[in-house]
Amino acid sequence: MSDGTKNFEYYMRKADEALQAASDMASSGYNESAASFLKAAELYTEQAKLVRGPRY
Amino acid sequence: MSDAPKDFRYYADKAEALLLGTSELANDDDNGARMLIGIATVYAELAKAAPRFEHQTQYRAVVIGGGGPGDSTVKATQLQPCNVSLHGISNGGYDGTSQPCALVYGHTGMHETDEGVPFRGFGTVNFPGQGGK
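Sequence lines, in order, name chains A and B. First residue of the first sequence? That's 0 in numbering that gives the first Met the number 0, and the numbers climb one at a time after it. First residue of the second sequence? That's 0 in numbering that gives the first Met the number 0, and the numbers climb one at a time after it.
So that you can see chain A by itself, here it is in the shape it has in the complex:
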């Protein structure tokens, strides 16, 4: 596995985890915490796309 692929999967997994946490927070009514996790997920997603490159 290339480093690029590994990093892409890492950021995708982190984004998924952050979104799951945001969803759990939102469903419990903690919208501010959910917003923080959502912001983190957005950043992880952007990073995943950057690492993967323009080809995809």
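It should be emphasised that the hints constitute simulated quantities derived from the structure, not laboratory data. Predicted, not measured: the structure shown is a model, and the values here were computed from it. All C-beta atoms in this analysis are idealised placements derived from N, C-alpha and C, irrespective of residue type, glycine included. Careful, some of the hints might be misleading.
Straight-line C-alpha distance at most 25 Å; calculated BS3-like pairs for lysine-lysine [as the list claims (entries may be wrong)]:
| hint | chain 1 | residue 1 | chain 2 | residue 2 |
| --- | --- | --- | --- | --- |
| 1 | A | Lys48 | A | Lys38 |
| 2 | A | Lys13 | B | Lys5 |
| 3 | B | Lys47 | A | Lys13 |
Below, a sample of chain A positions facing chain B; criterion: calculated Cβ distance under 10 Å [unchecked claim]:
| hint | residue |
| --- | --- |
| 4 | Asn6 |
| 5 | Ala14 |
| 6 | Leu18 |
| 7 | Met24 |
Fit chain B to the supplied structure of chain A, relying on the hints for placement.
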């Protein structure tokens, strides 16, 4: 959470499930609904970036007529779906561009058509939508 890479469908399904939940929340909790929409939006972005582990139809050349290698009565070949997924291929994996179908080997080591007629000459088939080398 598994470390295995997720297919785009995983993220797309998550986005869809959240959007379904949004419609139920919309009347009671506007902020919560907005939050779910935001989460679903990011899941949709992940789906766009994620790899696609699609099962694609494979094709193989099938000899029409003739009795085997060197048989001058062979009239033509045609492509037929193999019904083998990319994950079902055990002869070295998928190289991303072209891939011969999973072949049926007889006792002679030769390939066989669906009718059991042995012949040689199977090559790599470029499938629809895939560029050749």
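Here is what the structure says about each hint:
{"no.": "1", "hint": "A:Lys48 x A:Lys38", "verdict": "holds (16 Å)"}
{"no.": "2", "hint": "A:Lys13 x B:Lys5", "verdict": "holds (12 Å)"}
{"no.": "3", "hint": "B:Lys47 x A:Lys13", "verdict": "holds (16 Å)"}
{"no.": "4", "hint": "Asn6", "verdict": "violated (12 Å)"}
{"no.": "5", "hint": "Ala14", "verdict": "holds (6 Å)"}
{"no.": "6", "hint": "Leu18", "verdict": "holds (5 Å)"}
{"no.": "7", "hint": "Met24", "verdict": "holds (8 Å)"}
The structure fails to meet hint 4 from the earlier list, while all remaining hints are met.
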